[in-house]
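Protein chains: 2
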Amino acid sequence: MRNRLATLASVFLLAGTASAKVVTKPVAYEHAGVKLEGFLAYDDAKAAKGKLPGVLVVPEWWGLNAYPKARAEQLAALGYVAFAADMYGAGVTTEDAKKAGELAGAFYGKPLMAERARAGLDQLLKTGLVDPAKVAAIGFCFGGSTAQALAFTGAPLAGIVSFHGGQLKPPAEAAGKIHAKFLLLNGAADPMAKPEDKAAQQRALQDAKIDFQSVDYASALHAFSNADADRLAKANGLTAAIGYNEPAARRSWRAMQVFFEEIFAGR
Amino acid sequence: MRNRLATLASVFLLAGTASAKVVTKPVAYEHAGVKLEGFLAYDDAKAAKGKLPGVLVVPEWWGLNAYPKARAEQLAALGYVAFAADMYGAGVTTEDAKKAGELAGAFYGKPLMAERARAGLDQLLKTGLVDPAKVAAIGFCFGGSTAQALAFTGAPLAGIVSFHGGQLKPPAEAAGKIHAKFLLLNGAADPMAKPEDKAAQQRALQDAKIDFQSVDYASALHAFSNADADRLAKANGLTAAIGYNEPAARRSWRAMQVFFEEIFAGR
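Listed in order, the protein sequences are those of chains A and B. 1 is the number of the first residue of the first sequence in this note's numbering; add one for each residue after it. 1 is the number of the first residue of the second sequence in this note's numbering; add one for each residue after it.
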C-alpha cells in the first residue's frame, strides 16, 4: 500500500531539507452521496519509520484550493500525515465571495458540517500511516469553524486549531465530554471576530469544561494566514475585512507547532 | 568584575543540566532616595562566551519574594541574564493583600512606576553581561503592568511579557514611537482581566501602532503562573480571584520563550 501510494504520488524536494521527501496524492471518497476529492501529504521517509501524528486540514470557504494543499505539504514536511479535506465536492472551488458564502452556508449550524469533516478524518485514519491517539484537526476561516464543530461531536481528536475561524459554542450535550484541546487564533482587527463574541465563546467553552487557548494578533484581519488573501479581498471588495498579515501568519503557525508538541506528547 | 560577582555569588547545579552553573547575587541600588536590592541571575559558562540577551523581571504586588527570584533563575538557566527588580525597597515584601495594595497603589497611574522599573533596567544593563539590543522586560500581576508602563516610555526594550498584568493603555504621546513588542498573557477566568478591558486595551495598542499578541488561558484566574498563589489567596480570602493554574503556567512560560526567540532574533 505504502509503495503504491508512493508510485502514484507527486514527489517534492523541499528547500532546506534536501533529504525530506514529501509525497502528495489526491484521495477520492464519498459522503452522503457527494463525490469528494481530498489531498494527502506525508514524508515518505518519516512514515517508513512508524506511525506519525495526523492532521486534518479543513479549507476556507473558497474550497479545497492551493492554500490548504500547501498547508498540508508544510505539515508533512514537519513530520505529520496531513489530509486536506474536501467539504464541497470534487473540484468545487470558487473565488467569488457570494458563491463561497452559499457553499459554506449549507454547513453552518447544521450537523452536516461535522459529518462531512468526519468523512475526511476517516480518510486520514484509513491511510494506516497515523497514530490514532495523535490526531488533530486544523482549519482556516470556515474550516476553523468546522474543526470546532467536529470536536464538539466528540470526534477522536487530541486537539483542534482554528485559524481565523468563527466563535462556535458547544452544544449542551457536549459539556464535560470533549477531550480535544482548542487553540483559537484570531486577528485582533478582524471585524468578523468581535470581542464580545470571543468572550461569549470563552465562557461557553469554560462552562463545557473544554480546555482552550485563545490568541489575538495585533492588527490582523480575517484570513490573516493566507498570503493570497489580499488578492481575493480586492476581487470581492472585502479589503476592510480580509487581508494577509505576515507576523500573524508566522506566529500562528508557530503557535500551532507548540500546541502540537503539547497535545501529541499526551500532556 | 565577572570574577568578583562569581566569588560573591550563590552557585546552583540545576537538575537535568548538570553542566549549567547559574550564578545569583543580590544587587544594591538606589532610586529617588529609596535603597533597593535587586536579584541578578545568569549562567556563568554562557556569560563567559559573550554578551547574552537580558531580561528584567518585575515582581507581583507582594514585592521581591522567592517567586520572581525563582523565575530569574529559570531565565538564567535558559541562557538569559535576568535581573529581578526591587520596586518597594530593600527587603520590603508582604503576604497581606491590603498592604500589597497600598505598596502597589503608590505606583499605578504615576510616572514612578516606569521610573522605578527603569532603575532596575539600568542595573541589568550595567552588569556588562547583556547585549543591549536584546533586552526584554517581563512581569507578573503588578509587574506585568509595570513592564507595560516601562515600554510606554520608550525604554530600550525589544519586547515585554505581561503575565496576568493589568490592561494598561499607552499615553497619547507614545503613538508610533514604541518599538517594543507586547506579549499579554491572561487568565480567561481572571475577574481582574475583564473582556471589555482587554478589548479596549487592544484597540488602544493598535491605535498606538504597538505590535502585540494577547493570549487567554482557559479557566485560569489571576496569578495563574505562581505555584504559591493558592496559599496566598487562601490567606487573604481571595480564592475566587487568585489561583495557580498548571497548564496556564506551563503554556505561558513556553509562549514567552517562543516570543523571545522571535524578538531576540531581531525580527
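Hints listed in this document are in silico derivations from the structure and should not be mistaken for laboratory results. The C-beta atom is built at its ideal place from N, Cα and C for all residues, glycine as well. There could be a bad hint or two in this list.
Stated by the list, open to error - Examples of chain A residues toward chain B, derived with CB under 7 Å:
hint, residue
1, T93
2, T94
3, A188
4, D211
5, F212
6, S219
Unchecked claim - Here are the computed lysine-lysine pairs in the BS3-like style, where the Cα-Cα straight-line distance is at most 25 Å:
hint, chain 1, residue 1, chain 2, residue 2
7, A, K169, B, K51
8, B, K51, B, K69
9, B, K51, A, K209
10, A, K194, B, K69
Exercise for the section: Identify whether the interface hint at D211 of chain A stands, where standing means a beta carbon of chain B within less than 7 Å of its own. Expected result: With Cβ-Cβ at 5 Å, under 7 Å, it holds.
Practice task
Would you settle whether the hint for T93 of chain A is holds or violated, based on the nearest Cβ-Cβ distance to chain B being less than 7 Å?
Solution key: Violated, about 32 Å.
Handout entry: Hinted pair K194 of chain A and K69 of chain B, Cα distance within 25 Å
Key = Between K194 of chain A and K69 of chain B the Cα gap is close to 39 Å, so the pair fails against 25 Å, i.e. violated.
Problem - Given hint S219 of chain A near chain B, where the shortest CB pair must fall under 7 Å - result: holds (6 Å)
Problem - Cut-off 7 Å, beta-carbon criterion: hint that T94 of chain A touches chain B - result: violated (32 Å)
Practice task
Given the hint that K51 of chain B pairs with K209 of chain A, test it: the Cα-Cα distance must not exceed 25 Å.
Solution key: violated (46 Å)
Exercise for the section: Take a quick look at whether K51 of chain B and K69 of chain B sit within 25 Å of each other, Cα to Cα. Expected result: holds (21 Å)
Exercise for the section: For the pair supplied as a hint, K169 of chain A and K51 of chain B, confirm whether the alpha-carbon distance does not exceed 25 Å. Expected result: violated (49 Å)
Handout entry: Proposed interface contact between A188 of chain A and chain B, which counts if any beta carbon pair is under 7 Å
Key = Since chain B brings a Cβ to about 5 Å from A188 of chain A, closer than 7 Å, the hint holds.
Practice task
Double-check F212 of chain A for me: the hint is only fine if its C-beta lies closer than 7 Å to a C-beta in chain B.
Solution key: Result: holds, 4 Å to nearest chain B Cβ.
Figure legend: structure checked against the earlier numbered hints; hints not met, in rising order: 1, 2, 7, 9, 10.
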